[in-house]
Every structure is written in C-alpha cells, then in structure tokens.
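Trainee: Now for the letters of each chain:
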Amino acid sequence: MTVDEGLYRTMRLIRRFEERAIELVHAGEIVGGIHPYIGQEAIAAGVCAALRDDDVITSTHRGHGHVLAKGADPVRMLAELTGRSTGLNQGRGGSMHAADFGKGIYGANGIVGAGGAIATGAAWAAVREGSDRVAVSFFGDGAVNQGVLLETFNLAALWRLPVLFVCENNGYATTLTVAQSVAGSITARAEAFGIPAVSVDGADAAAVLEAAREAVERGRAGGGPSFIEATAYRFDAHHTWEHKARVRYRSDEEVAAGRSRDPLDVHGSRLDDGTRAGIDAEVETLMAEAVAFALDSPRPDPAGALDHLYATGLRGRNGIGLLDTAVR
Amino acid sequence: MARLSYLKALQRALADEMARDADVCVLGEDIGVGVNNVTTGLLAKHGPGRVIDTPLSEQAFTSFATGAALAGLRPVIEFQIPSLLFLVFEQIANQAHKFSLMTGGQAKVPVTYFVPGSGSRSGWAGQHSDHPYGLFAHVGVKTVVPATPEDAYGLFLTAIRDDDPVVLFAPAGSLGVRGDVDMDALGPVPLGVGRVHREGTDVTVVAVGHLVQAALAVAEQLADQISVEVFDPRTLYPFDWAGLAASVNKTGRLVVVDDSNRMCGIAGEILATAAEEMRLTVPPKRVTRPDGAVLPFASELDLAVQPQQDQLLTAVQEVYKASR
Ligand SMILES: Cc1ncc(C[n+]2csc(CCOP(=O)(O)OP(=O)(O)O)c2C)c(N)n1
Ligand SMILES: [Mg+2]
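In the order they appear, the protein sequences are chains A and B.
According to the numbering used here, the first sequence is numbered sequentially starting from 1.
According to the numbering used here, the second sequence is numbered sequentially starting from 1.
Because the hints were derived from the structure by calculation, they are not lab data.
Just so you know, these numbers come straight off a predicted model, no measurement behind them.
Certain hints may be false.
No farther apart than 25 Å at their CA atoms in a straight line, the calculated lysine to any residue pairs in the SDA-like style are these [to be verified]:
no.: 1; chain 1: A; residue 1: K244; chain 2: B; residue 2: E277
no.: 2; chain 1: B; residue 1: K45; chain 2: A; residue 2: A179
no.: 3; chain 1: A; residue 1: K103; chain 2: A; residue 2: D4
no.: 4; chain 1: A; residue 1: K244; chain 2: B; residue 2: V177
no.: 5; chain 1: A; residue 1: K244; chain 2: B; residue 2: G41
Derived CB-CB ranges, DEER-like [unchecked claim]:
no.: 6; chain 1: A; residue 1: G102; chain 2: B; residue 2: S122; range: 36 to 44 Å
no.: 7; chain 1: B; residue 1: E90; chain 2: A; residue 2: G222; range: 46 to 54 Å
no.: 8; chain 1: A; residue 1: A256; chain 2: B; residue 2: Q59; range: 33 to 41 Å
no.: 9; chain 1: A; residue 1: K244; chain 2: B; residue 2: G72; range: 13 to 21 Å
no.: 10; chain 1: A; residue 1: S185; chain 2: B; residue 2: A242; range: 30 to 38 Å
no.: 11; chain 1: A; residue 1: G223; chain 2: B; residue 2: G140; range: 47 to 55 Å
no.: 12; chain 1: B; residue 1: Q59; chain 2: A; residue 2: S185; range: 19 to 27 Å
no.: 13; chain 1: A; residue 1: T177; chain 2: B; residue 2: L303; range: 36 to 44 Å
no.: 14; chain 1: B; residue 1: R178; chain 2: A; residue 2: E282; range: 27 to 35 Å
no.: 15; chain 1: B; residue 1: G140; chain 2: A; residue 2: S185; range: 38 to 46 Å
no.: 16; chain 1: A; residue 1: G222; chain 2: B; residue 2: N37; range: 48 to 56 Å
no.: 17; chain 1: B; residue 1: R3; chain 2: A; residue 2: G278; range: 54 to 62 Å
no.: 18; chain 1: A; residue 1: E29; chain 2: B; residue 2: G67; range: 54 to 62 Å
Partial selection, computed: residues in chain B whose CB lies under 10 Å from chain A [as the list claims (entries may be wrong)]:
no.: 19; residue: Q95
no.: 20; residue: S227
no.: 21; residue: R262
no.: 22; residue: S299
no.: 23; residue: Q309
Ideal Cβ placement from N, Cα and C applies to all residues, glycine included.
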C-alpha cells in the first residue's frame, strides 16, 4: 500500500469505526456514549503515519482515532467499547481509557490536558535508554488552558525532550469557542517556551503528515520538542448525549459549512476511484467483523471487578468488609 | 403540592439565590448553554458579568473565585465531573479552607463548589465516577450531599449563603429523584442537621446521598420482620452526631451505606464515633465500595463495585440477628 493509500485507509477505518460505534451507542450496546472523532481523521492518520510502532502516544477523551491510527486492532477496540472481556483493556477502560501498550498507546484519557506530561515523561525515558523513540501527545484546543500543559511545555523545552505536542483545534471545547477561551494564539504558547510551532490544515492528511515528519525527525535527532496546531471541524456532537439532549451552540449553517470540507474527500480525491472503492470495501468487511466479534464476545465476570487494581495483585477489603475475596 | 425533580430543585435554588443577592455569581464550563441543566437560563437573565463561562482552567478559576470571595463576592462554581475536585484540591483544601484561621479571622471565603452528577454515571469509567466527599470532610471543608429535591434546594441555598467554603455533591443517582413538594415551604436547610426519613426501632441505617432511596427500599422490604430507621446525615461535615446518637441510642444497632471507598471513608468515621460515644449493643456494619476502588467500565463490573441494595439488606439482617 502506498503512503497515500495508507493515509486514506486509516481515515476510512476511523470514520466507519465511529459511525458503527454511534449505532451501537444508540442501540444501547455501548454504555456511557462516546466522543466521536468524525471530521478530524486526517490529524490522527497524518501524525501516526510519521511514527514507528515503538513510538509512544497519549490521547484524549476523543481518542478512538488516535488509538486506531497508531495500530490498535479495531476488532478488539470495539469489543472494549462494548465492555467485553475480549476488549483491549478487558472491558475495564471503555472509550475514554482505551490503550494498547504493545503498540505504544499509553491510552485515551478522561481528563483534559492530562496526557501531555505523561508523553513527556515517556520521551525522557526513551532518551535515557539511548533510544530514538519519540512521544506524541494529542490534545484539544480546550487543553491549552490547563496549567499542567503549560508547565509541561517548559519541562520538554528545558530538557530538549523528543516529544511532539499536537493540538487539534476543532474550534470548540464542548460548547465554548476558541475565541471565548484562548487569549493570544495557540502556537504562540509553545513558541514562548522556544518550541518550534506550526499551524497546519487538519483536514489534509498529507499536510499533517509532512509537518509531523519534520517534527518527529527533529525529535529523533535530539532537537527537542515540537508543536503542531492542526485545525479541523468536529462534524458530530461533542459527545453522543447531544444526540438526545437539545444543546444549541452551533448554527445549522455553520455545521453544514464545516462538514462540506470532508478530510476523506480532500485526501480521497488523490486516489483513483477503483483504489478508493477497494479500500472502502475492505474496511466495510473489517468493521462488520468487528461488530460481530464485539457482540458475540463474553461479558466480564463481576467477580473479577477489581482484578488489576494493583499491578502487584494487592487485594484490599471488599465493600462488605471481607478480605481477599471476590468483590461481592 | 407540586412535583419537583432534584435537578430542577438545584436549578431553582441557584436561580432564586442569584435573583435575591447580586453578589452571587456562577463560574464553570459550558454553563452559558447549561449542559448540566442547572445553570439553564441564567446567562440570558443575568448576563456574562455574573455567569462566567470559563476556559478549561479549573485550578485558576477555583482560586480566582477565592480571590473574588475575599473581595466580597459570593461565587458558585460548577464542576462537570467529580474528579475535577482532585485537580483543585490544593485550591480548596490548602487555600480557600485555610484563609479564615491563617488570617486570624480577617478573611472569609464564601465559595460554593458543586458537582451535578457525582459517583457512577454508568459507562463513564475510572476517571469520571468517584465520590470524593470523604476527602473534604477529612480536611474539614463543609460537605453536603442532599438526597431529596427539597434538601437539594435547601442545602444549595444554605451553602451559597454560608460564609465558609462548601462543597455540594449531587449524586448522579439522585438527579432524577422526584418528590411532591410544597413549593411555598421550600427554604434553607441548616448545615449539620440530619433527617430521619423513616422511623424505626430495631436498626439505624445511615445512608449517604442517592443511597437514601436504597435504604428506604430495604426498610420497606424488611418491614414485617425488622423495624429500620433511615437516617440521612445530609451534611457530612459538620455531621449531626446528636441526631445520630438519638437514633442509635434507641435502636442499639447501626449499618452505614456509603458509595465511596472503604479505607478511611466517611462510613468508617461514622462507625468509629458511634462505637466511641453511642450505646451500640452489637457490632455495627458498613456497606461501601471496596478499598481503593477504581470503577471499571463494563456495566456489570461498575455495578459490582458500588454498594448494592441486597448487600445492605443482608447487613441489616445480620446486625439484627447478632446477639445483644
Ligand atoms: C480537566 C478537565 N476539565 C473538564 C473536563 C470535561 N470535558 C471533557 S471534554 C471537554 C472539552 C474539551 O475540549 P477540547 O480540549 O477542545 O477537546 P475536544 O472535545 O474539542 O476534542 C470538557 C470540558 C475534563 N474531562 N477534564
Ligand atoms: Mg476542541
């Protein structure tokens, strides 16, 4: 598969994964809902295409795209979202904590801005080990207002660590616009710490890949951290609860305009129609398999509800005071 | 009498208090649109000078509220998820809480922090499902967990009017609770005064927040065998020890049900105080989350970690059967 075909396939996979997942939310098979990544696929696809298997990423509440693009198995990922013991996290994490350490995926994260420092620590460990691995932290425009992220920029720059900060500016933190929440410019925040920062079209996977390659090369060569602001539009809800609740913060015209530039078409138009159709068909089959696998998979046994609570296997008392027994 | 939901009661309390006192202002994320349905309509009514949609900078806006309070305002902060209280623990426990003493009484910090939807919200997993009220009670920040619509109204009002910092947890499991309420009788509920929801003579069940409903159900289930008294502390700090003593000294038996972790949890404090100071005739019990619990995602695992009604029922029966 060519690089361009690979980018398109990743995006198509994310798109169809999200669409099928939304169906499963509506069907009650995914409990708690999801934060759909639809519209932002080119960012995860472009950045992760610049990475190796052993590079590390940290992700967000809107994490499915990153996790899939970095190479997690979509079949086991969907099983995770449906809370099955065959899931990536054995049904313990769900949408907001999906992780696959074998692929360098240190997890989606439920707390905005929390992944940046974690990625930076992982980058430091890589340097100490003598490896040229890099770490990437994805976060949203809302996260740039978290103090911990700004503290992290300082550490990363001060210690010249191979970390790439990717800010996905989709214009909103839930209902709050960037204009309402960010003083100055987003890239200027990184630049203030001496971190090279660029703004790219986050609907164009090839443009994202190019920017990511440059940043990753700088990191591998000992040049320290980089920052990419990738602008895109979130096509769907902040979270699927919006499908039921009447929350109005974007006009229909705005949403229609935002959706009119579809990253799958921006890059898909670079492939010939036959190739594109072939990829679409392959993804369709894969997703059908993923849905079937998820729904056929066993549900976890409640007796193991606190398995893995401690890496050492430590067991505390359960909720009725008995030591070292099943939870209930 | 009118039907009032717990969520609507919170909404009404905040709206009433903002209308009554121009010093009350509210800060938080997405409160303009009102995604949690508590701040609905307030922006249109009071404008952006009193309803402040904040960037995602919780640590900053929490202490920002402290500053505004020191300067005479009465801020209310909405937190979208309970674990954000971990993020701002320094700002509440180490700043807001300490000003009064450290300044020799010069300063007061009348800020209310509230979480609409604490505890498990089914499927929100490890980082969105905690109930850290015990932490605040431990450091001594006033902590309230209303269980009914009228108490949600009354305690929210009191929290806002109180001159100290107050944290209000509105459990996700309570938001949908409805009650027949005499709207004219709605008013402030004092901090530190518990409420007996059902009188009984055999066993006192102390239930926190949404578990009050579970305790009432158990009391009903056991009605022909065991007479259960359901005591709702309403405020965890300060705690109504006298109210609890009146109940326990009558029944001699105590079970506490609390949807937070067992180790160093509020249930442990209640048992300890009862053991030290009240006339318990048999050893008490508590039903809680396990030690160190992190809520797993899958529904059956999530449920297995929360205290269950059948566990409470068993605990009540065991305490009842224990010989005096
Ligand atoms: C520290 C923190 N504050 C608030 C929240 C609640 N919350 C979850 S997502 C979100 C908006 C995030 O916006 P952004 O960073 O732009 O990411 P996007 O949702 O647009 O992908 C908020 C407020 C949270 N999870 N963590
Ligand atoms: Mg955003």
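Trainee: Now, for every hint given, state plainly whether the structure supports it.
Mentor: Outcome of the hint check:
1. A:K244 <-> B:E277: Violated. K244 (chain A) to E277 (chain B) sits at ~51 Å, over the 25 Å cutoff.
2. B:K45 <-> A:A179: Holds: K45 (chain B) and A179 (chain A) sit about 23 Å apart, inside 25 Å.
3. A:K103 <-> A:D4: Holds - the C-alpha atoms of D4 (chain A) and K103 (chain A) are around 22 Å apart, at most 25 Å.
4. A:K244 <-> B:V177: Distance of about 20 Å is within 25 Å: holds.
5. A:K244 <-> B:G41: holds, 19 Å
6. A:G102 <-> B:S122: 36 to 44 Å: The hinted range 36 to 44 Å is violated for G102 (chain A) and S122 (chain B), with Cβ atoms some 29 Å apart.
7. B:E90 <-> A:G222: 46 to 54 Å: With a Cβ separation near 36 Å, E90 (chain B) and G222 (chain A) fall outside 46 to 54 Å, so the hint is violated.
8. A:A256 <-> B:Q59: 33 to 41 Å: With a Cβ separation near 38 Å, A256 (chain A) and Q59 (chain B) satisfy 33 to 41 Å, so the hint holds.
9. A:K244 <-> B:G72: 13 to 21 Å: violated, 41 Å
10. A:S185 <-> B:A242: 30 to 38 Å: Violated, since S185 (chain A) and A242 (chain B) (Cβ atoms, about 59 Å apart) do not stay within the stated range.
11. A:G223 <-> B:G140: 47 to 55 Å: At roughly 50 Å between Cβ atoms, G140 (chain B) and G223 (chain A) fall inside 47 to 55 Å, so the hint holds.
12. B:Q59 <-> A:S185: 19 to 27 Å: 22 Å Cβ-Cβ, so the 19 to 27 Å window holds.
13. A:T177 <-> B:L303: 36 to 44 Å: holds, 38 Å
14. B:R178 <-> A:E282: 27 to 35 Å: At roughly 51 Å between Cβ atoms, E282 (chain A) and R178 (chain B) fall outside 27 to 35 Å, so the hint is violated.
15. B:G140 <-> A:S185: 38 to 46 Å: holds, 43 Å
16. A:G222 <-> B:N37: 48 to 56 Å: holds, 52 Å
17. B:R3 <-> A:G278: 54 to 62 Å: Given a distance of about 59 Å, which is inside 54 to 62 Å, the answer is holds.
18. A:E29 <-> B:G67: 54 to 62 Å: Distance hint for E29 (chain A), G67 (chain B) is violated at roughly 47 Å.
19. Q95: violated, 14 Å
20. S227: violated, 22 Å
21. R262: At about 6 Å, which falls below the 10 Å cut-off, the nearest Cβ of chain A leaves the hint on R262 (chain B) intact, so it holds.
22. S299: holds, 5 Å
23. Q309: With a closest approach of 12 Å, the Q309 (chain B) hint is violated.
Checked against the numbered hints above, the structure breaks hints 1, 6, 7, 9, 10, 14, 18, 19, 20, 23 and satisfies the rest.
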